[in-house]
Amino acid sequence: MTEQDGQEELEAQLEQWRQYVLRRKELQPLDVDELEDHLRGSVDELIAAGLSPDEAFLVAVKRMGSLDELSREFAREHSERLWKQLVLTADTGGAVADRRSRRDLWAMVICAAGAVVSVKVPALFGLSLQDDSSFYARNFTLFALPWLAAFLAWRRKARRPVIAILVALFALGAVAANVYPLSDTSQSVVVTSIHLPIALWLVVGLAYVAEDWRSSRRRMDFIRFTGEWFIYLVLMALGGGVLAAFLFNTFKAIGIVPQEFVSHWLLPCGAAAAAVVAGWLVEAKQSVVENIAPVLTRLFTPLFTAALLAFLVAVVWTSHGIDVEREALILFDLLLVVVLGLLLYSLSARDPLAPPGLFDKLQLALVVSALAIDVLVLLAIAGRITDEYGSTPNRAAALGENVILLVNLAWSAWLLLTFIRRRKPFAALERWQTGYLPVYAVWAWIVVLAFPPLFNYV
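Counting from 1, one number per residue, gives the positions in the sequence shown under the working numbering.
For the record, the hints were derived by calculation from the structure and aren't laboratory data.
Among the hints, erroneous ones may be present.
Said to hold, decoys possible - Straight-line Cα separation of at most 20 Å, EDC-like style, residue types lysine to aspartate or glutamate; simulated pairs:
1. K62 x D351
2. K62 x D33
3. K157 x D221
4. K424 x D360
5. K120 x D132
6. K157 x D212
7. K62 x E11
8. K285 x E55
9. K285 x D54
10. K157 x E211
11. K120 x E260
12. K157 x D132
13. K62 x D104
14. K285 x E327
15. K62 x D44
16. K252 x D184
Start from the sequences, fold in the hints, and give me the full structure.
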């Protein structure tokens, strides 16, 4: 693209922005002229700094979004077209990006194939999904996550020390999952199956941040990656379920029942490959202005706040204690994790310089409600442990998790309150959350490595 073509395209984009703003009847042409002057000045500064006209326009409109609601709406409505102009151009940079995209695609295909092969390797040693479900429950993340980590490490051009640490941690996870003499009905199998994926996912986080593991910004990027990855994985799982049902019923209609293929090949192999494909999709779409997770956060935060408050009112009204059986403990822990996830993804999408608003107060109400539920669960667990029931791997793991979440939620509530009262910057809350990630990793590894022998492999 020549300089003249770039200038003409810029003028066309500015005119489109102007026409968009003029739709608002409350704005006079003089007001629009003033906004356009501000936008043009910002574009000129960015071009002088070395950006192309397209890039300068996109960044300038996004910057104005923090100052002007109209520009924010424009950026949201036109972001897809603008980004496509930046990444689908036919210049040298576009060609380089296209080659990198093809390399990423082939790397993803290789890693996804590796995950599929890993799922079927145990069958060569006589282990089947039907007869050895305990083995697959403990090891399934070991089939997929190392390949996802390999893809991310390759993309980040991770150095040998980082690669060595990744290999060592995944090997440690494999040893912990398979060396201990655990029966299929052992509680330690359950806690290992729950905590090993957490520990290994944070190993994937190390592959994601590579040498920047000390960086709070890169840790927050990994939190964003986690949210996007999970959503893509769920979407692929839904699509895979439809595909499996379609295959099963169409073949059944002609007298062939493909139950063996669907249950032993399509579903497990597809799930392992999907973990890698989801990571590739997030990486391929990481430049989009709006991502999915923060939008869902805005939607579900009010709903979860109302649900938690209703639950607390019901507890007070009925004076009924919380059941601390295994299923109930898992349910409440998942609830607290969801609350923490809502908080994290709202932090990842928020402008750190924006003043506190109504949504921040709503988040404070959500965190305080979760904190109250966490206290109730802790009291119930402590009561069971100190009574005649004693301690079990499930209760000890739940106790530790709830203490960890209690500390996180309590300090998060305090930081949110001080931010709303304008006594501390928003960055303090970000640093707290990203700095707390190693705590989850340490606890997950403690449960996986130490709990089975501590509880005599019960």
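To see whether the hints hold, each was checked on the structure:
1. Distance restraint check for K62 and D351: the Cα-Cα separation of roughly 11 Å lies within the 20 Å cut-off, and the hinted pair is therefore satisfied.
2. As the CA atoms of K62 and D33 are separated by approximately 18 Å, the hinted pair is consistent with the 20 Å bound.
3. With a C-alpha separation of about 17 Å, the suggested pair K157 and D221 falls inside the 20 Å cut-off, and the hint holds.
4. Between the alpha carbons of K424 and D360 the distance comes to roughly 14 Å, so the proposed pair stays at or under 20 Å and holds.
5. Of the supplied pair hints, the one linking K120 and D132 holds, its CA atoms being roughly 13 Å apart against a limit of 20 Å.
6. Restraint check for K157 and D212: satisfied, since their Cα atoms lie roughly 12 Å apart, inside the 20 Å limit.
7. This hinted pair checks out: K62 and E11 have alpha carbons roughly 17 Å apart, not beyond 20 Å.
8. With a C-alpha separation of about 17 Å, the suggested pair K285 and E55 falls inside the 20 Å cut-off, and the hint holds.
9. Pair hint K285 plus D54 holds up; C-alpha atoms about 19 Å apart against a cutoff of 20 Å.
10. Restraint check: the Cα-Cα separation between K157 and E211 comes to about 10 Å, which is no more than 20 Å; the hinted pair holds.
11. Using a Cα cut-off of 20 Å, the hinted pair K120 and E260 holds, with the two alpha carbons roughly 14 Å apart.
12. Distance check on the hinted pair: K157 and D132 sit about 38 Å apart at the alpha-carbon level, beyond 20 Å; violated.
13. At most 20 Å may separate the alpha-carbon atoms for a hinted pair to count; K62 and D104 exceed this at roughly 28 Å.
14. Of the pairs offered as hints, the one joining K285 and E327 is violated, with about 37 Å between alpha carbons and a cut-off of 20 Å exceeded.
15. With a C-alpha separation of about 15 Å, the suggested pair K62 and D44 falls inside the 20 Å cut-off, and the hint holds.
16. Between K252 and D184 the CA atoms are separated by roughly 34 Å; this puts the pair beyond 20 Å, and the hint is violated.
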